[in-house]
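Engineer: Below are the chains, spelled out letter by letter.
Number of protein chains: 2
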Amino acid sequence: MTTWKDFADLKATQRLTELAQQPYNLARPDSLPPERIAACRASACGFDLLYATQRVDDRVLVALQELADEAGLVAQHKAMKSGAVMNRIIGHASEERQVLHTACRDVFSDTPLAPEATAQAKEQLARLKQFLAEVDSGAVCNGQGQSFTTMLQVGIGGSDLGPRALYLALERYRLPGRSARFIANVDPDDAAAVLSGLDLSRTLINVVSKSGSTLETRTNEELVRTALVNAGLNPARHLVAVTGAGSPMDDPDKYRASFHMYDYIGGRYSATSMVGGVTLGFTLGYDQFVEVLRGAHEMDKAAEQPALRDNLPLLMAMLGIWNRNFLGYNTVAVLPYSQALLRFPAHLQQCDMESNGKQVSRCGSPVTWKTGPIVWGEPGTNGQHAFYQLLHQGTEIVPAEFIGFRCSQHGRDITVSGTTSQQKLVANMLAQSLAMAQGRSHDNPNKHFAGNRPSSVLIAEQLTPYAMGALLALYENRIAFQGFCWNINSFDQEGVQLGKVLADRLLAALSGEKALSADAPESSLLKAAGMAG
Amino acid sequence: MTTWKDFADLKATQRLTELAQQPYNLARPDSLPPERIAACRASACGFDLLYATQRVDDRVLVALQELADEAGLVAQHKAMKSGAVMNRIIGHASEERQVLHTACRDVFSDTPLAPEATAQAKEQLARLKQFLAEVDSGAVCNGQGQSFTTMLQVGIGGSDLGPRALYLALERYRLPGRSARFIANVDPDDAAAVLSGLDLSRTLINVVSKSGSTLETRTNEELVRTALVNAGLNPARHLVAVTGAGSPMDDPDKYRASFHMYDYIGGRYSATSMVGGVTLGFTLGYDQFVEVLRGAHEMDKAAEQPALRDNLPLLMAMLGIWNRNFLGYNTVAVLPYSQALLRFPAHLQQCDMESNGKQVSRCGSPVTWKTGPIVWGEPGTNGQHAFYQLLHQGTEIVPAEFIGFRCSQHGRDITVSGTTSQQKLVANMLAQSLAMAQGRSHDNPNKHFAGNRPSSVLIAEQLTPYAMGALLALYENRIAFQGFCWNINSFDQEGVQLGKVLADRLLAALSGEKALSADAPESSLLKAAGMAG
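Chains as they are written, first to last, in the numbering used here: chain S, 1 to 533; chain V, 1001 to 1533.
Don't take every hint at face value.
[As the list claims (entries may be wrong)] Here are some of the chain V residues that sit facing chain S, going by a computed Cβ distance under 8 Å: (1) 1023; (2) 1027; (3) 1119; (4) 1122; (5) 1123; (6) 1395; (7) 1423.
[As the list claims (entries may be wrong)] To spell it out: a stretch of chain S is covered by chain V in this simulated footprint if at least three of its residues, at any positions, have a beta carbon under 8 Å from a beta carbon of chain V; those stretches are: (8) 100-113; (9) 270-278; (10) 304-318; (11) 324-338; (12) 368-377.
Treat the hints as calculated values from the structure; they're not laboratory data. In this text the structure is predicted, and so the values were computed from the model without any measurement. In this text, a Cβ means the ideal position worked out from N, Cα and C, and glycines have one as well.
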């Protein structure tokens, strides 16, 4: 097994620190000759990454390769996929788990890297296929014998963001008459608004919680069950579950079908497990869900290549490390030029920030280097009319990751002023990347652009189920590579515990179950917020 | 007129720099006694701001007051509302405009601060009232004499984000049978997806563009007109416009009704003008839109108070300046514990980052101090299950602004484990604020929370039209105060121009109108992206 080395102990960091004193100057005239743009291009699974507009030269790329090699990133990734216990902190109580979301999609060969987990994935896929066939045939139907048209997914965090982002991205491929809705927030207005627009009698409710005890999901499940009963419907006929084997929700009496996920799949990495599979399969059809898996699996394979130029996830990871640790930028904007990817940045916020927003190394020491950045973003061209002012002229530099497609999904387009909307979309994306890099001198200081604001462009032919799977896995693997490089555990989330403990204390006071001491900050806060008594 | 002073020249900055060496330690035991929590509370228009969990003490608050006074912030704000030319850069070509979005809501007294602009606002309100009465009576109807049920707003940036955020926030108050949809992105899939779910025959299309020439909006208007014609409908019967007087869209032959906005209203500050008014009035009713204006106006009045403790927008502005310029934090998370505020952070991204993401002072010199932060956020409790790990344990500190309400909008709630969902929502919000502030010591370094992560809680009774108006104006005024303090022009957006120029160049090449030189980066990028030829 690869030794886990602290980031600060990697020799290549010294070289990179030196190189960062004079990063490639994108704002110099002729800094983007044709040969640079052609050379700074890497591809996998139909995606091309254009990175000429990053502040890197060959020396930096060589040093980043050295850093990746020294840290054994590709070997660690392979170990992860093969079932090594990567979710741990040495010398301290920790989750001590395998990390095998990749096994959910390693279902296309007879020699998967983690045979047991893949066998479990295949078993769940077979159950899903069977269930969906029964939905299609009408064997699974409502009390009046009618087919189900809508799936309402009730979950939060990883049981919501990934599946929702993928569903919205792929809505275009829905089966006729099928659709999905989602409830996540404990805010009662969320559930009320969604339920008010639904025909519950034709709705299957898919409750998703790995632990089977997530407060928000339990509460929303109760709310939905009450709504069903009030509508004269039998909850047992309308609810299905995705949960861990043996969880409080793993109860066939309460759900007409149950699908399992396993403790080696983290919530934020679970979109390609049954957590995403049931709703995507119901709405898009089983075969399209398999296409998502195929794209993800092929990107997982691409992550096995040792050379940066051949390994898109690793290349993106190392460019991110360069921007984060050596150029010192603490945020990343993910800017899809595709309205269908509206919620993909929100999914990445979870996947990246919950994975790599860490302070302790896997060896149990506080880190002395920067870990995960703040990830945010909105679709372009909308963003151009919103926050791009700051990207171009603010006092903070924000590395940007543009994502685009050469063809639209719907194919319903219009030519205005000689170009289609899709051409306008892609042209705007490329123009932004160029404007951030090169800047523009101007006598009027308010019209001056300093340039040297780094970005990459990721482009593919069309946002299909396969492409979505590949894009998802590209980011998942980028995140894992960065976590390995920073020597942090990207697979736990201890940072969310304290808030839960304090919330429970406040709720115990509100329910009258347990009084708070009068000088506790909790008491004073409840009072100041007008929530006491 | 107040002299505009550079931020670095304000004497209080020295004192604040000293104080920032030892900011208030929130993680010390007993750092949050009842008297601090009770004292650190300010109110306006039904909102309470709890700021005991900011790293401030009385000395800091006194120095922030001095800073505000020295920079003449309240006087500048009053000058803005009274029609001073605040949108300018001294000594350089600039927009040279008044900034009078506040006049749109200064419609409740006979002595408004900017009488001419308010008279124009009242004229537009009267036209809107008349138009909506005709919609209600059926005088405005479709070709078959049927009433209109849906308004489709076509706009982008300020003509989309604010109106959309407010509509989603207030959907609960819709008139029976009325709803709104929005198209913004030039992505043809955005329009296709929205149009496919609409009954166009019952839809009024509200095209919003101040200039009347925004590329995305023109393109989407063409696309919608084509869809109407293809459906056998007469566009002139279905389209209304909100635009600047005299713009290319100000054409009664093409729109069945037109409403005006004026050059003294910036797009990102236009939600309380007709840009938001037409769609909000159509869906919620005229009187509810007036309630939005009333809330905004009352918050504008609160911004006239000289003392921080009496002026909520100024207090929030100065706490932000403390975090940004003295504690050095470059992002702000806006975290509404209300699903209805789902898109409010996206609106604020525009309003804040486009206003204050600036590099040049109003005196025409490059700034030597930090200006606007990166604003981002998602609703809680969803965010707790996503990116809060980084907020609590990441290597970056992110000041947070929580927003919550004591009562839900729908009032459809459920009690689980002794508390309602709304109680759970608010308890979680308060708990997060406390957890970030206090942290928790633990022997296991991975379960240790360092604390001292600053936040505020903004809480009101319920998210009503009045409260939404007040909240909107609270942030608009906070942003303006910060811009005044940084001595930047918060009302132009020169930073978006370069991207437009480059996009036009790429589009001219794609349409064949004008070839690019073969070594131009634009050519190579198109080729590398697979878009050439």
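Engineer: Each hint: holds or not?
Structural biologist: Structure-based check of all given hints:
{"no.": "1", "hint": "1023", "result": "18 Å, violated"}
{"no.": "2", "hint": "1027", "result": "12 Å, violated"}
{"no.": "3", "hint": "1119", "result": "30 Å, violated"}
{"no.": "4", "hint": "1122", "result": "29 Å, violated"}
{"no.": "5", "hint": "1123", "result": "28 Å, violated"}
{"no.": "6", "hint": "1395", "result": "5 Å, holds"}
{"no.": "7", "hint": "1423", "result": "5 Å, holds"}
{"no.": "8", "hint": "100-113", "result": "violated (count 0)"}
{"no.": "9", "hint": "270-278", "result": "violated (count 0)"}
{"no.": "10", "hint": "304-318", "result": "violated (count 0)"}
{"no.": "11", "hint": "324-338", "result": "holds (count 4)"}
{"no.": "12", "hint": "368-377", "result": "holds (count 8)"}
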